[in-house]
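Chains as they are written, first to last, in my numbering: chain A, 1 to 349; chain B, 1 to 349; chain C, 1 to 349; chain D, 1 to 349.
What the hints contain is simulated information worked out from the structure, not anything from laboratory work.
Hints may contain errors.
You can't tell identical chains apart in this list, so a pair holds if it fits in one copy or across any two.
Capping the alpha-carbon separation at 30 Å, the derived lysine-lysine pairs in DSS-like fashion look like this [what the hints assert, rightly or not]:
no. : residue 1 : residue 2
1   : 104       : 128
2   : 150       : 171
3   : 258       : 171
4   : 211       : 258
Number of protein chains: 4
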Amino acid sequence: MRDLRIGIIGVGVMGADHAERVVRRISGARLVAVSDPDLPRATTLAESLGSSSAPAAGTGDGDAIRVIEDPLALIGNAEVDAVIIASPGFAHAEQLMACLEHGKPVLCEKPLTMDTESSLRVVEAEHKLGRQLIQVGFMRRFDPEYAALKQLLDSGELGRTLLLHNVHRNKTVPESFRSEMIVRDSLVHEVDVARWLFDDEIARITVRAPKPTGLVADGVLDPQLAVFEMASGAIADVEVFVNFQVGYEVRCEAVAEKGSATIGLGVDVLTRRAGHWGGAVPDDYRARFGTAYDIEVQRWVDATARGEIDGPTAWDGYAAAAVCTAGVQSLQEGRPVEVEMARRSEVLG
Amino acid sequence: MRDLRIGIIGVGVMGADHAERVVRRISGARLVAVSDPDLPRATTLAESLGSSSAPAAGTGDGDAIRVIEDPLALIGNAEVDAVIIASPGFAHAEQLMACLEHGKPVLCEKPLTMDTESSLRVVEAEHKLGRQLIQVGFMRRFDPEYAALKQLLDSGELGRTLLLHNVHRNKTVPESFRSEMIVRDSLVHEVDVARWLFDDEIARITVRAPKPTGLVADGVLDPQLAVFEMASGAIADVEVFVNFQVGYEVRCEAVAEKGSATIGLGVDVLTRRAGHWGGAVPDDYRARFGTAYDIEVQRWVDATARGEIDGPTAWDGYAAAAVCTAGVQSLQEGRPVEVEMARRSEVLG
Amino acid sequence: MRDLRIGIIGVGVMGADHAERVVRRISGARLVAVSDPDLPRATTLAESLGSSSAPAAGTGDGDAIRVIEDPLALIGNAEVDAVIIASPGFAHAEQLMACLEHGKPVLCEKPLTMDTESSLRVVEAEHKLGRQLIQVGFMRRFDPEYAALKQLLDSGELGRTLLLHNVHRNKTVPESFRSEMIVRDSLVHEVDVARWLFDDEIARITVRAPKPTGLVADGVLDPQLAVFEMASGAIADVEVFVNFQVGYEVRCEAVAEKGSATIGLGVDVLTRRAGHWGGAVPDDYRARFGTAYDIEVQRWVDATARGEIDGPTAWDGYAAAAVCTAGVQSLQEGRPVEVEMARRSEVLG
Amino acid sequence: MRDLRIGIIGVGVMGADHAERVVRRISGARLVAVSDPDLPRATTLAESLGSSSAPAAGTGDGDAIRVIEDPLALIGNAEVDAVIIASPGFAHAEQLMACLEHGKPVLCEKPLTMDTESSLRVVEAEHKLGRQLIQVGFMRRFDPEYAALKQLLDSGELGRTLLLHNVHRNKTVPESFRSEMIVRDSLVHEVDVARWLFDDEIARITVRAPKPTGLVADGVLDPQLAVFEMASGAIADVEVFVNFQVGYEVRCEAVAEKGSATIGLGVDVLTRRAGHWGGAVPDDYRARFGTAYDIEVQRWVDATARGEIDGPTAWDGYAAAAVCTAGVQSLQEGRPVEVEMARRSEVLG
């Protein structure tokens, strides 16, 4: 099957990240075009990812990544099958409409648009088209921990979910990040989390701010505490604190009739139920070491393409064999056993 | 750059896992051939991965995966650039020698071979060739937690490393797994871990077994406790317990002059130093949600290839915009605000 | 110095707990009288604690614990130096007034009284007396974890405290526990926690309830989510859930300008600051084993009073000496050493 | 019942700790005499604890604590009912023999004596007496976590116990602490732990030391790794590291046929069984806040004896009542409610 040819609009932090993702870590897709008002930035990115010395399946065989200055031209370009929008929010509405017009599937970073009315117009335009083309970048739904939490709540094991407690903390944000943006750019993630986990709309919202941290520009209300009341009566609260200083931290605790479940602690889903707290021990190595195997093979493929070894060598295999042989003897004889090995310098010169 | 064309020998649990990895999760490589004495198994795998309905970059455009019964023929095949050996250990020596003969890079699952002598012969043959072609599958070196531990120890921050405590537990193993295999197939991982973390050879080994668990075949010594004495004087101990019943668990604690560091608890590297225990809070979203973004984009690519949406829709973006607008108003007015949204059925029919 | 002679009013769960505390675990005090409308319950308690076979310093030498039916008579009794009130809340106002009248120090379980007006009258009566006699049973202030949290926040290390997140969960409560009691009897603890940690009054309160758990009597709003706005502008939220099913759980997370601190996780104060999360490793054995030593000596004292040994015997000391001697030899000779001991049956018959 | 009158021999760190314990935290006992070669130290301690301004039940009414220079005279003193030996190990044998001679119960800090032979003589002398009088200070048996671990293992829930992994770390020790003392004074605790948890004797011991930490006097082997082989075939290993720098840390993990259990992590007993890891959530407040109540009442008793209040006042009770009243109103009306309170300065002046 042919690779999906992707164009990315906006190659700031997030867009550049997506570009590298498409080129190096995603199968079935390749990056064919990028667009950014900062032309040198777009060019540098296109060159570095297009001429990558590591083998890059996503770029095709020798194909370069085009820089197309006008984002609408990128959307219209015949070699672009699908679009990722990572431009600033105010540009989304026009770019989304263009994608709909050209019938191009699009992954649009949040927010969909900057206000309710333009968002509704986008929804209506897509609906009129009769085909869903737009996916919004609410990425928490794809986080394995959130996905496991959703699955646990939906299973009904803990009964009906009553409350959500959320924490969303950034180390710092630029001075330009104002009170409203904390709602529209940060809190918006938990808006989607609450809607998705409860499978319900938010009927009422209260956002309050304590006296702000002193480590923020004057007039910015940070942190904020939001309370969502869902249509069905459930409640969610969210602390958003974008100048937390410590680092990045996102947590979610769901409280249900027969227990609670927390994610974001680094231990997958931590549950409390029937007198116990804790988590799961995986059945086999795949849950624990799946990523390690992926990295091992990716690095072996990359090194092999360069004609190199970038991992344990035959000597490491030999040394392990010598130790294991002595180990078996120790087990059988019940005593310490010296390991007998050839000297490395004698074998390998 | 052209994809690396890979052949896999042995498609049991581990080999099949590698096959899926090459096809679906690794960039810059594609799977062109598999070999297995169980011909139907190899054929089924080749068909399912070759005709995958999901877009599979690694398989090329429509190329099928060949089944080659004779592993030596697979190694010699001109369309195979590099080989992954996942056959039983007793077959490794001959297959490795064939890879050397044909000048093919090879990733060989541990053990290198079944005994010290044949391992040494492989090392010598590769050395005579004058080119390193063999990488051994000691995959813990690629686990992000082990890699972070290695980096921390090598940084010297904790002083010289004095001791390692290792735990290596499987839920269960087949009845055919005997005492010796616990050393050669399980403990061998920690043999490599100790050699790698200390950058030193093991000079003496003691393996003892307590009175075995009752949940194992008669005569099998499980669990076992191994003690490695490194050439430089450091010491490592390892509990190997392959019928632990609970699940899969691998931990490693390094004890150094000024602190200790433990991995395998699910929280990356847990350190104890200068009066504190704990771990790191990441600086930004990439450490916490990098995988979520990869999954998001991969699933979007896959769904787009099928002409579908498999994630948050434009409606979700609209609903979030409506909530955020009410949230900004609540923040400004200091009171709860009702969320105003169009009814879904009226907009989407 | 003479022991403080204490009378306890109300010997339900909490009062009986206090009675045992005074008799068995508190130094400098003894229990001389109890009062309860359930006379047989009071009598049974008085007899069991007064005639305790374990040595009970608090009861004096042979002194019995009196049962005094009328709580006001207990308060007025000349042999009662100080009073603990553990009666139902509606009885507090009259009993507190009697304590003030007799000039008796009193520890009163929360709530002070059932409503604001009567509480104010108690405050005014004590103020007119010119001597503080009343302490209210807000016991979280004495919990080592809360005390450590308070100390950390007051130190200013984390900057100004901005937010508190509290969780207060009971396994279940009796059916008679109605929505209002969740506020007055449960939430009241966090009311005090917020006032104490912020050293500030609560200016505004919002209490909301999601659609209640199904595992509660009809009409009872459980759980509840309260938000406190402090006079200074800080904010606290509290989840109170008195039918959580899982067990008893109380947590508090303080969010400050430069980090956060959480208690109630079982690991004292868990902090997040400057890129790290974690806790403290104590300097010496006293923090880790102080309680163990207290228990050891208390049990030795109790057993000695019975003419018994209730701990490791001389034989245990001998066996340890034999093992250590072999251990020193092993350390010196670098090999396993058999432990040589007399046979127990030959020595002890 | 009359208090047990206790004499303490040796008032260094441990003995002084025991003295304070007997006076301030233990019921049913009082301290009547201390002995120490450092006479001023003994005198200072006796005076500070005897004339304590806090009410000290254990000291009786006005009774002073005697300083008796000769430890054997203390043992023989008619006013001493029982003895705590906290003198250096070399003095234990003679003092224990004197206790036996005078028929005095004795709690002897470990080690029983300095060598196997003298320990055996003490055991034989006590046996000849026909009455057990000696308890050895193996205090881990009294630690609630070790006790819970013992109970869990003895319950058989996890099957037979196969292995113990122990860690015993001190921040630092004095330079005078030599390699042998690490075995005799530190490892000895885990010798008793292994004997007690397995209810079995140690048949063989191996003690090895890696190349020592650089942060220790020359020639001292620190850390050490001991392996105990129990008579029944079970195995225990112990890391002892007395100059760990970080702090004090003691852990024990028991590995059994169907799971493992670890203590010393600060979360009571952490178990791994049947696919899960975790701990227990207590049923009620007593497990979580029992100590807080003890401290509350002890501090109230102490403050009352001084004519003071050292805790929440009537005003705190009033303020809480005002907040709860507003809270109930908020819950009923579904909106934020201002808290109405009298001004403190108007009421209390």
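*Taking each numbered hint in turn, which are not upheld by the structure, reported in ascending numerical order?*
none
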